[in-house]
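In order, the protein sequence lines correspond to chains F and S.
Anchor point for the first sequence: position 63 equals 62 in numbering that gives the first Met the number 0, and the numbering is continuous, going up by one each time.
Anchor point for the second sequence: position 252 equals 251 in numbering that gives the first Met the number 0, and the numbering is continuous, going up by one each time.
Derived from the structure by calculation, the hints contain no laboratory data.
Glycine residues also receive a C-beta, built at the ideal position from the N, C-alpha and C atoms.
Hints may contain errors.
[Stated by the list, open to error] Taking beta-carbon pairs under 10 Å as the criterion, some of the chain S residues facing chain F (in silico):
no.	residue
1	57
2	59
3	62
4	64
5	78
6	110
7	114
8	180
[To be verified] List of simulated lysine to aspartate or glutamate pairs, DMTMM-like, C-alpha gap at most 25 Å:
no.	chain 1	residue 1	chain 2	residue 2
9	F	214	S	34
10	F	214	S	118
11	F	214	F	70
12	S	226	S	213
13	S	226	S	34
14	S	225	S	73
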Amino acid sequence: MRPYTRLLACATAVAVVAVLTASTAQLQNRSSVLTLAAGGLSSLSELREADSLVDRLGRDRVLRLAASEDDPLVPGRTHARFRQYHDGVPIFGAEVTRQTARGVTVSLFGTLHLGIDVETTPALSTDDATRIIERLGNVHPGGSTPPRLVVLPDREGTGVYRLVYEARAFTGTRLMAYFIDASTGDLVWAYDDLKTQQPALPCERCAVGDGLGVKGDRKKISVTAVGGTFLAQDQLRPADVFTFDMRGDLLHTLDVLDGTVQLFDADLANDTDNRWLDGASVDAHVGMGWTYDYLYHRFGRQGLNGTNVRMISLVHPVDRADIVTAPADILGLFYLNAFYCGTCGPDGVGLAVFGEGLPPNVPFLGQRWNFLSGALDIVAHELAHAVTDFTSALLYMDESGALNEAFSDVIGVGTEYYAEPFYRDGAGVADYLLGEDVIEPGGIRSLADPQRFGDPDHYSLLFVGMEDNGGVHTNSLIPGHAYYLAIEGGTNRVSGLTVSGVGAANREQMEKVFYRAFTVLMTRDADFAEARAATIQSARDLYGAGSAAEQAVTQAWTAVGVN
Amino acid sequence: MSSRRWRGAVALTVGLVAGLVGSANEATAQPAPTDRIAVWLDFGWRPASRTFASTRVFPVFSELGSFQASYTIEQGGVFAGGVSFRLWRNLAVGLDASSYRSVNPAQITAELPHPFFFDLPRTTMGEAGGLERQELGIHVRALWVIQLTNWLVVSASVGPSLINARQDLVASVQHTEVGFPFDELIFSGHTVSGQSAVTAGMNSGVDIDVFVLDRLPFLNRFAGMKKVGLGLLIRYVRGSVDMQIGDDLVQVDLGGLQLTTGLRFRF
């Protein structure tokens, strides 16, 4: 461990430089935790020192390249994502992203843990860990994601590290992430990794059908003709898009989610005359396609993982007729919610589940709940969780979890604006509300006015409780509101600071700024400060230092109290 | 031919005939030919090109796609021949036939709906070549014949025509999708349907005949050469027909200006 003592000293020196340099560059040493947020024109020397550190750690195999991709938005830029290892075991959440231009480092973001002293030979086997998890949650960890060894930093930042097994298992209403001490078998940590819409609660057989959405609006639907019927399988897009109809069978839905049974063609939503009338299926299927299109056209992204992984959704996971007998957790998840399960579905590639809503004559808290797939922003929101999983993998709790949710809201709103011209029959009016098309009146969140739903619009109002994984949904409105202000401009209610947004006509600028920051610059354990630095860096990279975009995003973060 | 055009053609024909007959009194002073029968055989040219267009609409991707084919009927060769009988003084009636054939292209502009979105058509351009146009006309003519000199005869004529037209029409277009995002597609071909129709039209023209062959040294040895001459016919034939292709009607204009020359025989 002695080499890392030297590294720590080096990092401390770099951190001192960082404190003295411009505000957008941060290199902070918290005990043995090194936070990198360096880039731009104002911190060149700091950036070079941090870059040297990353190089040295790379040579020592402490940092290992996990992914590298060319930037589709800024030609000539490349993004590399490094994961930190300790004696060959990955350290949970420890990552660095490095942006380069023709080999020269432009920015570095991430968190490194230096000076770790933990044994990496487990006393327990993988099978032991599996059995413990089965006992804990009465569940079976997904076969595609068996428990794996990781070094887990203490979440309180006390500098304590443990060798643990990490595993995920769908428990019926939750996708639990378990961390089992590899020596004692104790449950060290667990959290719900289910990304929900709101808290608690060219081919031969291709065909184009005509569908009616949840709101009765006409849509084209890309399907597959098999025999005398048409299946909700879109093969026209580079990523196959599947919509499965669970036909209200909750048990079947649960079996599919926990991997007990596989999905077959017979489960696909289908129609005999290619004039689709089931709005939930139509909107889920079309919405996934439009989300793919948005990611492709706006960001040059090839699907959820960047390489056109299949896109899968489940509709009608429960039957509305069963609502009277449904337990509260089922009601909250499968009726009044939508979620993305990153390890569910065929081959564990993930799938989105869209809630059934409520019968028209049964309001909930004064709102009518229709099929949740009927809201494109909800569909795109859930799929954006997959994008996050495949990129920054923002940890789904506390501030990183709120950023995870905020990014999904940003993509949800962006997709809604992108698709607005494609709607017919008066449907699909774009706005900054989430879910307003099916949860009426009003939706469930507002990026323009978070207070409308009791969500914080300033960092001083940050929810600090344990519920909802540390308030990931409610706190997401702080960055979400910053996104709104950066586009539309306006004055923050709490700070009174006014933001000159880039304007709705330049919405695309801010969409790219946030997308790029959240997918290639930010790291798994990012906090709001890192998000601020990364989006500013992104704006500089895309539109230049001092650009209107950089000014807008800087002012927006400041206005919501994130500095 | 539409009823309006037909009425116009009839009115023009009646007007011309009335003009000719009305001038008969004055024409009594005009020298009339002595021959009763005239036969002629011509070849020549239809110099002016003309255009027409067809539009077809078809369902695709839950919307209506369409293509428009713009046809240009180029100049082409004409063969004609006929006979006329002098009835009274300068007035004669004739019956003759003309044949026209050309091979032409059509420019195709298509609008194909997007597979994912309504009201977002994609436009392609293409060309269909080798489209054949044939017109066989039977023309009835009323002629006013003036023998200006013993070797120069001029006649004006007008009358109805019966035209049998055959036209190759673009029946469908084929495209190849480039693939996602389906913003563009490639025009890859077309099918052609040959359509035929018969319609009534009208004709009018002027014929200038010279009979000087018997004065040529190498021909004057033949006794009949006084009855053989050369002529130039300037004639305008007009007609229009609706051709059906699928459920769509295509209005096709027929005829045009004909300049032909050939032999004249009088008996």
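Tested hints:
Interface hint at residue 57/S: violated, since its Cβ lies 14 Å from the closest Cβ of chain F, which is beyond the 10 Å cut-off. A least Cβ separation of about 8 Å between residue 59/S and chain F falls short of the 10 Å threshold, and the interface hint therefore holds. Taking 10 Å as the C-beta contact cut-off toward chain F, the hint placing residue 62/S at the interface holds, the least distance being around 8 Å. Residue-level restraint check for residue 64/S is violated (minimum Cβ-Cβ distance to chain F is 12 Å; threshold 10 Å).
At a threshold of 10 Å, the smallest CB-CB gap from residue 78/S to chain F is about 51 Å, leaving the interface hint violated. The closest approach between the C-beta of residue 110/S and any C-beta of chain F is roughly 16 Å, which is over the 10 Å cut-off, so the hint fails. Using the Cβ-Cβ criterion of 10 Å, the hint placing residue 114/S at the interface with chain F is satisfied: the shortest such distance is roughly 5 Å. Against a cut-off of 10 Å between C-beta atoms, the interface hint on residue 180/S holds, since the closest Cβ of chain F lies about 6 Å away.
Proximity of residue 214/F to residue 34/S is assessed by CA-CA distance (about 86 Å); at most 25 Å being required, the pair is judged violated. A C-alpha spacing of about 19 Å is found between residue 214/F and residue 118/S, which places the hinted pair at or below 25 Å, so the restraint holds. A hinted pair counts as satisfied when its Cα atoms are at most 25 Å apart, and residue 214/F with residue 70/F does not qualify at roughly 38 Å. Proximity of residue 226/S to residue 213/S is assessed by CA-CA distance (about 9 Å); at most 25 Å being required, the pair is judged to hold.
For a cut-off of 25 Å, the pair hint linking residue 226/S to residue 34/S stands: about 9 Å separates their Cα positions. At most 25 Å may separate the alpha-carbon atoms for a hinted pair to count; residue 225/S and residue 73/S exceed this at roughly 38 Å.
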